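Based on the provided sequences and hints, a complete structural model is requested.
Top line first, the protein sequences correspond to chains A and B. Its first residue numbered 1, the first sequence is counted upward by one per residue in my numbering. Its first residue numbered 1, the second sequence is counted upward by one per residue in my numbering.
Worth flagging that the hints you see were computed from the coordinates, not collected in a lab. Not one of these hints is a red herring.
Computed cross-link-like contacts, EDC-like style, restricted to lysine to aspartate or glutamate with a CA-CA straight-line distance of at most 16 Å:
#1 A:26 / B:52
#2 B:81 / B:57
#3 A:26 / B:32
#4 A:26 / B:28
#5 A:26 / B:31
#6 A:26 / B:24
A quick note: this is a predicted structure, and the numbers were derived from the prediction, not measured.
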Amino acid sequence: MNNEGLRELEQRIRAWTSRPPALSPKTARTRVLARLEGRRSRPAFSLATAALVVAVLAVGSLMLHPGKPVEPPVRTPGGGLLVYELESGTKVYLDLAARPAEGERR
Amino acid sequence: MTVDDFQADDRLARVRRARAGDREAYGDLVEELWPRLVALARGVLGTDADAEDVTQEALVHAWTRLGSLRRPEKFEPWLRKIVSRRSITHARRRKPAVEPAEIGADDPPVSDRVDAVQLLATLAPRQRAVLYLTWIEGCSDREAGRLLGIRPATVRVQRFRGLERLRRRVEERS
Numbered sequence: 001m002n003n004e005g006l007r008e009l010e011q012r013i014r015a016w017t018s019r020p021p022a023l024s025p026k027t028a029r030t031r032v033l034a035r036l037e038g039r040r041s042r043p044a045f046s047l048a049t050a051a052l053v054v055a056v057l058a059v060g061s062l063m064l065h066p067g068k069p070v071e072p073p074v075r076t077p078g079g080g081l082l083v084y085e086l087e088s089g090t091k092v093y094l095d096l097a098a099r100p101a102e103g104e105r106r
Numbered sequence: 001m002t003v004d005d006f007q008a009d010d011r012l013a014r015v016r017r018a019r020a021g022d023r024e025a026y027g028d029l030v031e032e033l034w035p036r037l038v039a040l041a042r043g044v045l046g047t048d049a050d051a052e053d054v055t056q057e058a059l060v061h062a063w064t065r066l067g068s069l070r071r072p073e074k075f076e077p078w079l080r081k082i083v084s085r086r087s088i089t090h091a092r093r094r095k096p097a098v099e100p101a102e103i104g105a106d107d108p109p110v111s112d113r114v115d116a117v118q119l120l121a122t123l124a125p126r127q128r129a130v131l132y133l134t135w136i137e138g139c140s141d142r143e144a145g146r147l148l149g150i151r152p153a154t155v156r157v158q159r160f161r162g163l164e165r166l167r168r169r170v171e172e173r174s
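Next up, the structure:
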């Protein structure tokens, strides 16, 4: 396509795109505003703001709920009993000296 | 202060009011920019069909995102970005359709006009957007790239391919 052909095409496209819209600006305004009902212009958080919010929440959560430290098992004076306390508060007793019952032997 | 300065200040004040939730101020902006935005949507869509619907949707979407506009003086380029990207997305979803436009007194003959629009409609949406922005609206490669979210080098490639395609189509027809 030569320059003349391009220029002609450009003029035709320009004339076509710059025709007035079917909807007048006033009507467009009315329609757009009607569609805004119930919608709010909301501020968008930037990525940096979002990252900051997540970091603050994470640190705050850790400070408020640091987690229960693991307790070492308590050894009874007899030496054969270990007691573990689970996070739920349940105590688990492990008697190292206990022998299996007769019926459990293989 | 020139008339242009006054208009720019006036628009800036409206944008600020709209950001604060003033719908009437936003309505004024819609009214002012409507013809230019529809022309942009037409150019990117390559057809009259849907251009006004897509522009309306873009304007409604823009209202909900006004808070993300950091520089109110860049309101129009920001809005044009939304319209052009929404138009590309819309154009990719639908099959190309070309309908004869209404005839205006100063328009070229129908056969020529429809032919030009049909030619434009044969391009890929992004090629069409690049050609429209750089060729018809006179945007620089950088400006067009910013609007479409692509690099200036990609703008040049897309324009080259678009023009090549147009040239082939014209040669096929003649």
